[in-house]
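Protein chains in written order, with this note's numbering: chain W, 48 to 345; chain A, 97 to 262; chain U, 80 to 866.
Fair warning: there could be bad hints in the mix.
Stated by the list, open to error - Residues from chain A that keep clear of chain W, each with C-beta distances beyond 10 Å, as calculated: (1) Glu108; (2) Glu112; (3) Asp127; (4) His155; (5) Glu177; (6) Met205; (7) Asp216; (8) Arg223; (9) Gly228.
As the list claims (entries may be wrong) - Example chain U residues on the side facing chain A (calculated, C-beta under 7 Å, incomplete): (10) Arg89; (11) Thr272; (12) Gly755; (13) Asp795.
As the list claims (entries may be wrong) - Residues from chain A shown here face chain U by an in silico Cβ test under 7 Å; the list is partial: (14) Ser102; (15) Met128; (16) Gly132; (17) Cys167; (18) Thr168; (19) Ile172; (20) Thr176; (21) Thr178; (22) Gln185; (23) Asn192; (24) Gln195; (25) Cys199; (26) Thr200; (27) Leu226; (28) Thr234; (29) Ala238.
In case anyone wonders, no lab produced these hints; they're calculated from the structure.
Even for Gly, the Cβ is constructed at its ideal location relative to N, Cα and C.
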Amino acid sequence: MQLEELRTEGGKVKLPSFEYLRARSMEEAWALHSEAGGDALYLSGGHSVVPSMALRLQAPSRLIDISQIAELRGVSVAEGALRIGAMTRHAEVLADPLIAHHAPLLSQAAPHVAHPAIRNRGTIGGNLALADPASEFPAAVLALRAEIEANGPDGRRLIAADDFFLDLYETALAPGELLTAIHVPLPPESRLFGFDEIARRRGDYAMVGVAAQADVAGGVIAGASVTLFSVGFTPVRARAAEQALDGAPLSPESIARAQAALAQDLDPPDDPGFPPERRLQLARVLLGRVLSRMEPVK
Amino acid sequence: MKHLLSTTVNGEQVQEAVSPRTSLADFLREDMGLTGTHLGCEMGACGACLVLMDGAPVHACLVLAVQAEGCTVETIEGLTETGAAADLQARFHDRNALQCGYCTNGMLMSAQALLAANPDPSRDEIRDALSGNYCRCTGYEAIVDAIAATASDRAGRSETKTEAAQ
Amino acid sequence: MTLHIGQSARRENARRHLAGRGRFVSDLTLPRMLHAVFVRSPMARGRILEIDTSEASACPGVVRIFTAPELNVRCTPWVGTLGHFAGMQSPPMNILAEEEVLWTGHPVAMILARSRAEAEDAAELVMLDIEDAEPVTDGAAALRPGAPLANPAARDNLCYEAVLETADVDAAFVGAAHVVETSMTFGRHTAVTLEPRAVIADFDASSGALTVHHGTQTPYQFQDVYARHFGLSEGKVRVIAPDVGGSFGMKLHVYNEEMGAVAASLILGRPVRYVADRLESFLSDIHARDHIVKGRMALDADGTILAMEVDDLTQVGAVSAYPRTSAAEGNQVIRLMGAPYRMPDYRGRLSVAFQNKVQTSQYRAVGHPIACAVTEALVERAAEATELDPFEIRARNLIADDAYPHVSATGYQFEKLSHQACLAKLHEMMDPEALRAEHASLRKQGIHRGFGIASFVEITNPGAAFYGVGGARISAQDGAVVRMMPSGDIHCAISVTEQGQGTETIIAQVVADQLGVTPERVSVTTGDTATTPSGGATWACRGAGIGGETALRAGRRLRDRILTLAGALVQADPASLRLENGAVVDGSGAARITLEEIGRIATYRPDTLPDGIDHSLTVAHHFAPTGYPFDFTNGIQGSLVEVDVETGLVRILKHWIVEDCGRIINPLLVDEQIRGGVVQGLGPAFFEECQYDADGQLTNGSLADYLVPMACEMPDIEIAHIETPTGDTILGAKGVGEAGTAAAGAAAMNAVNDALRPFGARLTQTPMTPLRILDALDAAREERTDP
Ligand SMILES: Cc1cc2nc3c(=O)[nH]c(=O)nc-3n(C[C@H](O)[C@H](O)[C@H](O)COP(=O)(O)OP(=O)(O)OC[C@H]3O[C@@H](n4cnc5c(N)ncnc54)[C@H](O)[C@@H]3O)c2cc1C
Ligand code: FES
Ligand code: FES
């Protein structure tokens, strides 16, 4: 939800009128979408669409309910990857044993996503499609080096997470294209993971968050993947920090180098409520804590 | 254009014409007369509107009534009628875990779901389960006590803190 | 005989809420009801050039759109001043902005439609053309000569000023061994009741009667306001306050929107419903606090407090609230300073400034948290300067428990308080030595904990002179009608109201004890001007102390009536009889006749009674407090926190309070009042703040952005009591509703500063956000490296 854009005059809590249609297949969804000439939104959990319409920040003439489409459901392992259907609810992400085993960053992120009841409705597909830069899952997906499965009238494609989050609430999905699943490459047993965030209150959007994974080979880190969220217009891969880690043992020294390198990775926007230097400072503190507590899957 | 919504509310089959923009909360409150589901923010931030949808608590202010098609919805009125939460309600009463009562519906829904999933929660786990439920009146402690006491009751343990209050 | 007073009776009316059967105004639907939505000014200050409602009027479902010329004429303007605040000014206010808009959210048009959604659809189509003007946002700048006017109808931006001083205050500072100083800022926050403000005004033109279903704590006050401002006779106005989803002082002020609903109903002859949405609540409910205080304290070499001097600037919005004014809080701030201490000299200055923001006014613990935080921060600095332990410096300076009556340097008269006993009890509960040892060892592991304490005095049971002297039509008396039904069951209709604090329960307990029945046999009605006698209802802190005494005295009158009747029936001297266990008993304790039998005879067979005997089993009684102008209460709080010095996040680990509210009618309810109050003190200490930008825009006016205290962040709260009943009443009860809020923030700030002490950092602003904590740590670091 684009809270920054929240109109402050009040008097807005009920949704404007729209047409509601339920799609039973991807084909039907695409057709209903193109028929509306761009003036339509897909509805999955609805926990971003509904409040933003209630605040009259958005007023599409049509909502297309995609929750019944079979391709969007289920969690499974096939072809060396974990496939998480877009309609998987946050609560299911939190509880799913396959996700806990193969994509632990998502399981670790889930308890930080809002509150229990919101997790019962919000879907991981909706969350990624929304691409809120303060959101946990996009950062986790980025750190996991996952791929986003998209299906549109022109066919199916896999988009690397690195190429998916383009700008504030902007993704690589083409108009009408459906986000159908997330593919996470199966990790080696020894891979280390770490996730945490700093929030004022439990369940609040983070002031800053970190998701990281790394492999250790021969005592040194290889292929560190570090992402931060709530630090800009998209989740951010901290490549300089990754480089500072790669090739060295995970130690207070390498962690300190990674913390120092964050200045190159982050350029937090000017927020009067929380100046960029402070956000960078918190990012460094949190990165240090997350890296020093990285663990393999139990 | 209105939709014909078929859903089950508190065990009763309901067929009603609703307009897509009507939230489940407004549908329950205005069309069904179930005003025990409260509205405190209409943006998912206060928890006053929680109902059980297919057994799980959801914010009725963020669900469209049309999304409840084919679902079972249970409100505080239904929960009271079946007696499923009678012990929890009694503990809230004993412990004075409500003042104005406006948050109570949501607190009971969150508590009921927590205890179903975790019969022996710690105080921190109880507070965590209530993380989306705002209460301006009580300061929360009495609510935590009441839920802890219910957990103990259900596990057949004796509980001292609330007995003192009776 | 005291059987039920003092017992932890559960609240019968809580059962309804637990079953989902609460009846809130927002739940009510009336035939032909219209829904109101207000179009509001998007800017803090400007001049209305044009309001075009033509497109909006054509929207489906829209019945009527009002702008100021059609609506305001139905209502006489209101002015938020009081006679005893000499020199106070506040321009008149009416429902909709006429020419000038004075704050972001100021209502400019009112839409009435068949549904709320349709009214919102239309609101989007109202075209506003407002010429932007420079808003006044900073109160200090507003008071400088030549500053632009926040409200062009005012003389200047000074709403009110006052000075309170003793003769020798300057000498005290000159002769002091230690002078400590502070400068503190208290952010704006707001009530955020979970049920927003709600009203349904229902004018029936055929009978000329206006019924207003109003989620308020003061129905009689609104009956009077509606009658006077809309030119109706009081007898034609009925205000019903059913269940109210929280109020805390916020729901007793006159608001543009409620007045608009009444005016619209008068014009249209249909019920008009207005329920604020959450965003509107932030823009229209009164805000609280917003004080900048400079303070200093003089002490002798032993750490004895000699004097305090404070200067409070409070910023109240573009008009003063009605009918209690927006100056009352500042007035209370300067009077409560130093209140717990034996402090001979004092000077307090108050300046109340207009600005283009939402108006501030009374909210739970009016003035207390400010006065307490300033005083207790100074005491903490004094402890450092004199190298005294925080408990020790307080022990030396708190008024001795045997030194009453006592008059404070600000003129408050204390009948009897128990500061020293409370301090000793808190010491025992907290065990500060053990805490300190633990904190020292944790510091070595990089864990920084601190504790802080804060003594307080709370104003309760205000007498009739409090507002009355200023000419406000605010009742300090309450009334009860108690009657015995034919079955012997008792009914009490009383003017104090229920918002969940348990008013009805304690009234039943008090009445039960006067009439020798169980509280289950006493039903209580509140909140309807047509069925209960007039009174003050819920404001300040008075339900138990004044309402309880009213019920007690009414109950005793009915008891006397019953005993007289019983004496005639059983041929005994009424003076030898008393009521017990639902019956009239004699000196030996033997039951002579049951209440049920008396009820039967008095109701169905009065013909069998002796001639001339009064068999009316209904009595009415009104009670206004006499004696001390207020019944003050006192107490002390302790807070334990852990500060993450790298992130500025604070974990509140524990909170303690020792409180003395006089006679405790119901310990269960008292403790939960205290807990709720503490959390309403901790919220603004750490989280709650209405943030404005330089243009006067509220930037965090939603429940996602304005941080209310939630379950995970709030501590368990340990409570103990000292009981010092007031001699002003038979019951001896004082108030407790504001005690928790009064000092929680002060204790927490002292705790945070204790945790930060080794770093030389100190917080002087609330809320104590991570950013402010990090800034304080940085400032201290810079001071150390660059002295
Ligand atoms: C009070 C509150 C607190 C919250 N706190 C957090 C938090 O702390 N962290 C967090 O990450 N989130 C938070 N959220 C957001 C929550 O996680 C949302 O539910 C989620 O971001 C969106 O998921 P959804 O399934 O509800 O999507 P919807 O609201 O249904 O859709 C979101 C957007 O994605 C599009 N979309 C949805 N599914 C697809 C698809 N399969 N393909 C293509 N486009 C699609 C929709 O058209 C829409 O534009 C919060 C929400 C609320 C109300
Ligand atoms: S009303 Fe639904 S969460 Fe507040
Ligand atoms: S009891 Fe009033 S909000 Fe919880």
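A quick look at each hint next to the structure:
Taking the minimum C-beta to C-beta distance to chain W, about 23 Å, the non-interface status of A:Glu108 holds against the 10 Å cut. For A:Glu112, the condition that its CB be more than 10 Å from all CB atoms of chain W holds, with the nearest at approximately 15 Å. With a least beta-carbon separation of about 15 Å from chain W, A:Asp127 lies farther than 10 Å from that chain, consistent with its non-interface assignment. For A:His155, the non-interface assignment is contradicted: its Cβ lies about 6 Å from the closest Cβ of chain W, within the 10 Å cut-off.
Non-interface status of A:Glu177 relative to chain W is upheld: no Cβ of that chain comes within 10 Å, the nearest being about 22 Å off. Not every beta carbon of chain W lies more than 10 Å from that of A:Met205, the smallest distance being close to 8 Å; the non-interface claim is violated. For A:Asp216, the non-interface assignment is confirmed: its Cβ lies about 17 Å from the closest Cβ of chain W, beyond the 10 Å cut-off. At roughly 8 Å from the closest C-beta of chain W, the C-beta of A:Arg223 falls inside 10 Å, breaking its exclusion from the interface.
A:Gly228, annotated as away from the interface, has a beta carbon of chain W within 10 Å; the closest lies near 3 Å. A cut of 7 Å between beta carbons decides the hint on U:Arg89: the least distance to chain A is about 6 Å, and the hint holds. Interface hint at U:Thr272: satisfied, since its Cβ lies 6 Å from the closest Cβ of chain A, which is below the 7 Å cut-off. The beta carbon of U:Gly755 comes within 5 Å of a beta carbon in chain A, closer than 7 Å, and the hint placing it at the interface holds.
Interface hint status for U:Asp795: upheld, as the beta-carbon distance to the closest one in chain A is roughly 5 Å, under 7 Å. With 7 Å as the threshold, the beta carbon of A:Ser102 stays out of range of chain U, its nearest partner Cβ sitting at about 23 Å, so the hint is violated. Interface hint at A:Met128: violated, since its Cβ lies 12 Å from the closest Cβ of chain U, which is beyond the 7 Å cut-off. At its closest, the beta carbon of A:Gly132 sits 2 Å from a beta carbon of chain U; the interface hint therefore holds under the 7 Å criterion.
For the restraint placing A:Cys167 at the interface with chain U, the shortest Cβ-Cβ distance is roughly 19 Å, beyond the 7 Å limit, so the hint is violated. Against a cut-off of 7 Å between C-beta atoms, the interface hint on A:Thr168 is violated, since the closest Cβ of chain U lies about 17 Å away. Because the closest C-beta pair between A:Ile172 and chain U is about 3 Å apart, less than 7 Å, the hint holds. The interface hint given for A:Thr176 is met, as the beta carbon of that residue sits about 4 Å from the closest beta carbon of chain U, less than 7 Å.
At its closest, the beta carbon of A:Thr178 sits 12 Å from a beta carbon of chain U; the interface hint therefore is violated under the 7 Å criterion. Using the Cβ-Cβ criterion of 7 Å, the hint placing A:Gln185 at the interface with chain U is satisfied: the shortest such distance is roughly 4 Å. Because the closest C-beta pair between A:Asn192 and chain U is about 5 Å apart, less than 7 Å, the hint holds. Look at A:Gln195: its Cβ gets to within about 3 Å of chain U, closer than 7 Å, so that hint holds up.
Restraint check, A:Cys199 versus chain U: the minimum CB separation of about 5 Å is within 7 Å; hint holds. A cut of 7 Å between beta carbons decides the hint on A:Thr200: the least distance to chain U is about 5 Å, and the hint holds. Using the Cβ-Cβ criterion of 7 Å, the hint placing A:Leu226 at the interface with chain U is satisfied: the shortest such distance is roughly 4 Å. Evaluation of the A:Thr234 hint against chain U yields a held restraint, the C-beta minimum of about 5 Å falling below 7 Å.
Hint status for A:Ala238: holds, given a least beta-carbon distance of 6 Å to chain U, under 7 Å.
Going through the hint list in order, the structure does not satisfy hints 4, 6, 8, 9, 14, 15, 17, 18 and 21.
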